[in-house]
Amino acid sequence: MTHPVIELADLHVKIGKREILRGLNLELRGLTVGLLGPNGAGKSTLINTLLGFWKPTSGTARVYGHDVRTEARKIRSLIGYMPENDSFIANMPAISFVRMAAELSGLPSDAALERAHEALFYVGLGEARYRKLGAYSLGMKQMAKLAQAIVHGPKLVILDEPTNGLDPQARLRMIKLIQEMRALGTMNLMICSHLLRDIEETCEEAVILKAGQVVHYSNLEEERASNRRFVEIETEGDDGTFADAIELLGCACAVTGPGKIKTVLPEGIEVRDIYRLAADRDVQLRRLNFRRDSLEDIFLKAMER
Amino acid sequence: MAVYKRTYRGYNGPLTHPAWRFLVLQRYAFKAVFKSRFLLVGYVGCFFAPLLAICLLYLNQNSSVLALVGQKPGFLKIDAGWFMNFLTAQSVLAGIVTAFVGPGLVAPDLANGALPIYLSRPFSRVEYILGKGMVLGSLIGSITLLPVLLMFVIQSSLAGYDWFNKNLYLGNAIILSSLLVMSVFILLGLAMSAFVRWRIVAGALVLAVFAAGKGFGAVINNVMRTSDGYYLDLQYLLTTAATDLFGRTAEDAPIAPWSAWLAILTFCGLLLLLINRKLRVCEVAG
Chain A
-12 MTHPVIELAD LHVKIGKREI LRGLNLELRG LTVGLLGPNG AGKSTLINTL
38 LGFWKPTSGT ARVYGHDVRT EARKIRSLIG YMPENDSFIA NMPAISFVRM
88 AAELSGLPSD AALERAHEAL FYVGLGEARY RKLGAYSLGM KQMAKLAQAI
138 VHGPKLVILD EPTNGLDPQA RLRMIKLIQE MRALGTMNLM ICSHLLRDIE
188 ETCEEAVILK AGQVVHYSNL EEERASNRRF VEIETEGDDG TFADAIELLG
238 CACAVTGPGK IKTVLPEGIE VRDIYRLAAD RDVQLRRLNF RRDSLEDIFL
288 KAMER
Chain B
1488 MAVYKRTYRG YNGPLTHPAW RFLVLQRYAF KAVFKSRFLL VGYVGCFFAP
1538 LLAICLLYLN QNSSVLALVG QKPGFLKIDA GWFMNFLTAQ SVLAGIVTAF
1588 VGPGLVAPDL ANGALPIYLS RPFSRVEYIL GKGMVLGSLI GSITLLPVLL
1638 MFVIQSSLAG YDWFNKNLYL GNAIILSSLL VMSVFILLGL AMSAFVRWRI
1688 VAGALVLAVF AAGKGFGAVI NNVMRTSDGY YLDLQYLLTT AATDLFGRTA
1738 EDAPIAPWSA WLAILTFCGL LLLLINRKLR VCEVAG
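Chains as they are written, first to last, in the numbering used here: chain A, -12 to 292; chain B, 1488 to 1773.
Don't read these hints as lab results, they were simulated from the structure. Careful, some of the hints might be misleading.
Unchecked claim - Cut-off 27 Å, straight-line C-alpha distance, at most; resulting in silico cross-link-like pairs (BS3-like, lysine-lysine): (1) B:Lys1522 <-> A:Lys119; (2) B:Lys1765 <-> A:Lys42; (3) A:Lys142 <-> A:Lys163.
Said to hold, decoys possible - Sample of chain A residues at the chain B side, in silico, Cβ under 10 Å: (4) Phe40; (5) Arg63; (6) Pro70; (7) Asn72; (8) Ile76; (9) Ala88; (10) Leu91; (11) Arg102; (12) Gly121; (13) Glu167.
Since we're looking at a predicted model, the values are computed, not measured. Glycine residues also receive a C-beta, built at the ideal position from the N, C-alpha and C atoms.
If we strip away everything but chain A, and leave its shape as in the complex, we get (with noise of 0.2 Å):
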């Protein structure tokens, strides 16, 4: 069996005398995993922790099985991070910045040179990669930012905050490009974001934290999954034995008022034989939705815990 992307067995980390984690536990397999959190819930020191930045102060942290503790440096050579702040150097043109980069990461000087180009183009800044960093706006600074990291084909990819301080194109524009890289399949990806809109959009996994412990966690393909199967229906014209037509369908179901009725689709059955039994039955429907338990709705409940 492969090793999880990130295991946390009861991780601690203090900075100075003030503990950030507090026991996280935690095993991730999924493709892209958000890390969602209010400010100061210890997402940015968990991500420092994952990079060797921060020692933990007891439990483990393992990246690919390997320990941040005793292995950093070969945990970094497989990690591709965009740091959240700015970080870039300013006097340098971007394939410079980007090339320096790769080399760093151990590519010799001619593969570095050309994944720099590649790198600059698959994120839209082909035609400005000759341009000092300095110059560039805050949507380019955060791409750059992203071929850095990616430039060295890195197997995760710890993305910071990635749409921070974009306007809603240049939002866009990251989403889809985070969205593509996940559809290659080839590198895991780990979104840190405040934004749930981002990790809902982007992500097969989410990972809530607050006060540094983990207070939910979410598989978001099998919420998507489970939503698209429980149904609101609302009807006129039902005398009352709509439900149970249902119910013989397969279906499990609850009235819950005068025509209001929620029920699980199982597999085999779809909407579409509802909208027949609907019509055999001569009963109107006046609502049918698929229940939408947002990724909001799931912060905010794991907030009030």
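For chain A, the structure is supplied; the task is to place chain B on it using the hints.
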């Protein structure tokens, strides 16, 4: 370079040896340093005096040329004092180069928050400091160690084996004194660059460490009627240590060579502490 496909692909090619990756930083830093024509001209100017000195060494042993000006071979006394004075003069130039180049090494990285970019790779803080330090080291070494050592070799070849055998200790003194100057200047340049993110101020601080130390030292010596003020005078400490290596320590020297060495080591230790404290990835936002 033409890029035909806008796509992403992994990398499975060969990797460079981790032990030499710090040289990547040195290469990029050199490019940045020599972009400035002012620095380039200044650096080239540092070789004017060594070139002149090498010509003098040659002339000093060339009887036919000396006969034209009515001098005999050996009219210049080439001894420990000659090499030491020359090394001191070159060290002053090295100090100025440090003040100009040093601040541009670390300060921009700190000002732009670039440390996480370097250190999130298989690249340690020690390698980062080594890479940046190598830039100053190679510049200072080429101004101090190389020309003075070259002069020693040329003088040895011109003056013969007896001179070389008698003055072999000068070779050691040149190497050790130059390494001492290099180490102190590298640490000072990096520490000031890490301490102050504004390049001009950092450069001024490098020079101020020498000037202020000398000034305060002189004040303490005069007011307190002591010689303890010399411990604040970095230039004096370096000269005392070098004088010791060249075997020219005067009996009535105000401070003992061993105490000068101790003071220099303490100073270097403090600079290392400062570098260690400042060069950290300190994103503690979350």
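Cross-check of the supplied hints:
no. : hint                   : in the structure
1   : B:Lys1522 <-> A:Lys119 : holds (14 Å)
2   : B:Lys1765 <-> A:Lys42  : holds (18 Å)
3   : A:Lys142 <-> A:Lys163  : holds (19 Å)
4   : Phe40                  : holds (5 Å)
5   : Arg63                  : holds (5 Å)
6   : Pro70                  : holds (4 Å)
7   : Asn72                  : holds (5 Å)
8   : Ile76                  : holds (5 Å)
9   : Ala88                  : holds (6 Å)
10  : Leu91                  : holds (5 Å)
11  : Arg102                 : holds (7 Å)
12  : Gly121                 : holds (8 Å)
13  : Glu167                 : holds (8 Å)
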